[in-house]
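Asker: Each chain, letter by letter, is given below.
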Amino acid sequence: MVRLSPPIKWAVRLVVIGYVFLLVGWPLITLVQKAFAGGLDNFQAAFSDPDVTHALLVTIEISIWAVIINTVFGVTMAVLLVRHEFPGRRAVSALIDLPMSVSPVVIGLALLLVYSGRYGWFGPTLEAHGIVVIFNSPGMIMATCFVALPLVVREVVPVLEEVGDDQEQAARSLGANAIQVLRRITMPAIKWAVVYGVVLSLARSLGEFGALKIVSGNLTGLTQTAPLVVEQKYNNFAQGEAYAVSFILVAISVLCILVVSLLRPKESHS
Amino acid sequence: MSTAVLNQDTRAVGRGRPGVRWTLTPGSGVALGVAMTWFSLLVLIPLAAIVATAGSDGWQGYVDTLTNPQSWAAIWLTVTQSLLVTAVNVVMGTLIAWVLVRDRFWGKRLLDLVIDIPFAMPTIVAGLVLLGLYGPKSPLAINVSNTKASITLALAFVTLPFIVRTVQPVLAELDADVEEAAASLGASQLTILRRVVLPSIIPAVAAGAALSFARAISEYGSLVLLSGLLPYKTEVVSVRVLSFIEGGDKTSAAALATLMLAVALVVIVALDVIQRRMGRRG
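Residue numbers (my numbering), protein chains in the order written: chain U, 5 to 274; chain S, 1304 to 1585.
Same shape as in the complex, but just chain U (with noise of 0.2 Å):
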């Protein structure tokens, strides 16, 4: 082992806890005192205006209904992905990652491209059959799967190559049909990295900005969700209630995180 002189040591890890306490810790100390400045005004003002507890309401419901899309979603495909050999099944896999590097900007667009009601390739003809998709909820839980595609995909992959399929073959040998063995082996094996996979996606999911932005119109007190809040309280002078707003969702982000960095220890695969 490489072992650092004691000064080195220390100069090293002062300068990264200096780094991420400058970059990360403060700002959040910030966030608190500033929430908090005044006891709980700013939570009461902010709890006060309809919209605001609309666009929580909003931004909930949409990350669950994406949260459980894509949790239904990953599942099959790392299934598919590490189980089963079919053609295209490397561009499929290399594809998925795609969201993650794709800006939420341009997610808003190629989603107003092909399902906005005016000039969509799709939107015009799913209107006339009384769906509409932009600057309505299906959107809006379009976008927010698209930007947290990949989660549950990548949790569950590194689990599956790692267990191998010896138990799922002697499953079948002895006779377990195809459900069986999903539901009584291969399940409870990834059950762990599931519960991570949703859990980041709901983080991601409840913070998404950029792309519903675009698909949900901003429209107050129908389509805006709480990040959109955020940014309108922020420019409308509303700072307190906007920092409020901000402390719950970043509540809610730390907890997630907590949550999975508990969790996780307990896999003997870490």
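Honestly, I wouldn't trust all of these hints.
As the list claims (entries may be wrong) - Rough simulated footprint, nothing fancy, chain S against chain U, three-plus residues with beta-carbon under 8 Å: (1) 94-101; (2) 141-150; (3) 194-208; (4) 257-263.
These are calculated hints, taken from the structure and not from any lab test.
For each residue, glycine too, the CB sits at the ideal point set by N, CA and C.
Chain S: place on chain U using the hints.
Answerer: Chain S only, in chain U's frame:
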């Protein structure tokens, strides 16, 4: 995808039985069909729409959008800032990963936890919290709002976890024996770092750098409140795309968006290659 690539692939997958191209049962075939339909409707067709729309004014229209002075200023700013932040992350991310794996001190667990916060935090809130400490009413008397430095700051914040989280597991799994052997053969600490540790973590650093660069190029939310979105000064590509969308100019928006998509695709391919070299996907 060509079969040539797939043939190479069977070796890397390990469990894949060579010579067997399809191992789908009827049930999993249906599942694959449904999943791919959703994936196409959600990701592939919308992204194809961007490329198609970008080309609707022909090649000249495409070039005109990208060479428009304001767009060009945004592209230049975004690329230089992203490179700068990625360089900072290569150094700081590797150091943080080193400290998290090899150092022991009180509060290390907390440091480990804090690293993930930028990933989970809503981007608009990231901008707001940075504004609280480095904005007009800064307790440190540092005001970066509406300057180029605000972009460096916001991008450094949102990309903090990437290199740390790719290097950390590689560093943790590094075989101590090799380092001991090098030491017993008389190598100095610096030589061990340079010849043993560094070569084994370089692929992980590269993977993290690619992710961090891609994230920086595409960032939007954290810049909204902090940078002031001033044309020619603090306007990044994603902001420019949004103003084209709001102005109803879909073709120009799509033209700039294809450029960003191309960068994202290059990063994805690079990651795929790096991860295959590292011998596992993660």
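Asker: Sort out which numbered hints this structure fails and list those numbers smallest first.
Answerer: none
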